[in-house]
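J.: Sequence:
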Amino acid sequence: MMRYTQISRFFGASALSALIATCAFAGQTNTLHILNVPGERATDTTTAVRLSEGPTPWVVGNTGTGAFIPVPTAYRVQVSISGPGTYTTVSYAMAFGVNDQGWFVGRDTSAQRGYVWHPVYGKQLIPHPGDPAQRTYDAYDINNNGVIVGYALGGFFGSPPTPGGFVSYFNASDGSMTSYYIGGSPSSKTPFAINNAGNTGGYGGVFTTGSHPPARWMDAMGSVTPSAPAAGWTGLTGGGGTDVSYLVPTVGSGGAVHDISEGAIPQYAAGVGVHSSTFEKLPVAYTWGGSNYIATVLPLPAGALAGVAAGVNDFGYMVGYAEFPFPPYGRFTHAMLWAPDGFGGWQVYDLNSLPGVAGSGWELLTAYDINNGDGSCFWIVGQARRPAAGGGYEYRGYALHFCVVPEPASMIALGTGLVSLLALSRRRRTQTA
Numbered sequence: 013m014m015r016y017t018q019i020s021r022f023f024g025a026s027a028l029s030a031l032i033a034t035c036a037f038a039g040q041t042n043t044l045h046i047l048n049v050p051g052e053r054a055t056d057t058t059t060a061v062r063l064s065e066g067p068t069p070w071v072v073g074n075t076g077t078g079a080f081i082p083v084p085t086a087y088r089v090q091v092s093i094s095g096p097g098t099y100t101t102v103s104y105a106m107a108f109g110v111n112d113q114g115w116f117v118g119r120d121t122s123a124q125r126g127y128v129w130h131p132v133y134g135k136q137l138i139p140h141p142g143d144p145a146q147r148t149y150d151a152y153d154i155n156n157n158g159v160i161v162g163y164a165l166g167g168f169f170g171s172p173p174t175p176g177g178f179v180s181y182f183n184a185s186d187g188s189m190t191s192y193y194i195g196g197s198p199s200s201k202t203p204f205a206i207n208n209a210g211n212t213g214g215y216g217g218v219f220t221t222g223s224h225p226p227a228r229w230m231d232a233m234g235s236v237t238p239s240a241p242a243a244g245w246t247g248l249t250g251g252g253g254t255d256v257s258y259l260v261p262t263v264g265s266g267g268a269v270h271d272i273s274e275g276a277i278p279q280y281a282a283g284v285g286v287h288s289s290t291f292e293k294l295p296v297a298y299t300w301g302g303s304n305y306i307a308t309v310l311p312l313p314a315g316a317l318a319g320v321a322a323g324v325n326d327f328g329y330m331v332g333y334a335e336f337p338f339p340p341y342g343r344f345t346h347a348m349l350w351a352p353d354g355f356g357g358w359q360v361y362d363l364n365s366l367p368g369v370a371g372s373g374w375e376l377l378t379a380y381d382i383n384n385g386d387g388s389c390f391w392i393v394g395q396a397r398r399p400a401a402g403g404g405y406e407y408r409g410y411a412l413h414f415c416v417v418p419e420p421a422s423m424i425a426l427g428t429g430l431v432s433l434l435a436l437s438r439r440r441r442t443q444t445a
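So the numbering used here is basically just the index in the sequence shown, starting at one, shifted up by 12.
For the record, the hints were derived by calculation from the structure and aren't laboratory data.
All of these numbers come straight from a predicted model, not from anything done at the bench.
Yeah, the Cβ is synthetic: ideal placement off N, Cα and C, and Gly gets one too.
Some clues are possibly wrong.
[To be verified] Here are the simulated distance ranges between beta carbons:
hint : residue 1 : residue 2 : range
1    : F344      : A54       : 34 to 44 Å
2    : Q124      : G302      : 35 to 45 Å
3    : F355      : G170      : 45 to 55 Å
4    : G251      : G404      : 43 to 53 Å
5    : G356      : G403      : 44 to 54 Å
6    : T98       : S200      : 32 to 42 Å
[What the hints assert, rightly or not] Straight-line Cα separation of at most 25 Å, DMTMM-like style, residue types lysine to aspartate or glutamate; simulated pairs:
hint : residue 1 : residue 2
7    : K135      : E65
8    : K135      : D112
9    : K135      : D186
10   : K135      : D56
Start from the sequences and build out the full structure, keeping to the hints where you can.
T.: If you want it as C-alpha cells, here you go:
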C-alpha cells in the first residue's frame, strides 16, 4: 500500500519510524461495512459522522428518505465485526454526535433547533441558555453524563435571547435539561466535541488579525466553520465551564478543534488550520505539552492541496481527508489516517490503500471519526462512493473495522532493521573518531 512518511530531523529516526509503520500495518485484517439505511434511495447522499467507544459502537449519520421529495433523516445503528444491527431513524433531523449509551444529538430541520434523542423520551428540543422558553440551533456532541454542547441562535433582528455557544445538562431520569452559555457568558465561540471528563474543543468567534474570517468551509459535521482561532473549555460539570482557549494555539490565520481525546487533560485533539497566504485548510494535531497544547501540521500525501483532521482516539490516531485537484477547476477528497510514528510525528495513509478496502469497489472519500475499539482494533466512520448503474455515483456511510496486528515476519524485519541501523550508526561513529 502507499505510505507517505513525514521527514524527520534525523535519518535514523525517520528510517526507524518507517520500519515501525511497516510492522504496524503488515498482516492487517480490516473489514469494511457499508451502511444501508432503510428507506434511503439510490440517489440520496448518505454519510456516517460520529461513533461511540468500544468494540461494538453506536454510529450516527444522515441521509434522505421519502418517495418523491427527500426528507432529511438522522440514523443510529450499532455495528460489530459481523455488520450493522437494527437502524433507528428520525425524520426531519440531522445527527452530529452520539455517546456510549446511544443517545444522540443534532438539529431538528423542521424547527431548526438543537435536539437530543433518547430511547425513552425520543427527540427533545434543547432549551436556550438565554431564555428556557426558546430553543438552541445545533447540538454537536454529547458525553456519557448527558452533557451536550453546541450553538444557540439569538432572536430575530437582534432581539433577545443573545446567541452563543452553549452547554446543556440532560437528566435521563426525567428528560429535563438546563442550559448555560459556554464559558459563563454569551460569545460567538462554538464547541464541537466534549469528552466524559467535561472538556470540549471548538473554535473562537473573533478572527485573530481582522474583523472578518478570511475563509469559510464545511467542517467535518457539515456545518460552516469560520477560520477563527481554535478554542477549548474545561470544567463542564454543572455550569458554563471555564474558557481555556489561550492554551490552544492557532495555526496560520485561523482554525478549529474538531475532536478531542478522553481524560481530565486530553492528550490529543484533531483539527484544522488555515494557511496564511493561500487560505487552504491544513490538518492539525494538538498534543498536550505539560502547560499548553502544541500544534503540529500533519503531513499530506503527494499532490494534495489541503486537508482536515476530523477525529482522534486516545492512542493518537487521527482521521480526516485530503483534497486533490480535479481538473479543470474541481477537487476530490480521499479519506486519510494519521498514525503516530513513535517520535512525536505522524505518518499519513490513504484508507483506500488498506487491505479490506482496496478492491472493494468502494472509494472512501472522508473519515470523520475514530474510536478506541478494543485497543488494537479501532472503528472509523465516514462517507464512501461507488459508480451508480445509471451513471454518476452512489454515496453511502461506512464503518471500517481497522486492526493493527504485527505479524511474526514483520517483527523479524523490525529486529533486522534495528540491528542494521545500530550497525550503521556504530560504523559512522567509528569513521569519525
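J.: Hints numbered earlier in the text: which of these fail when held up against the supplied structure?
T.: Number 1 - this is the single hint that the structure violates.
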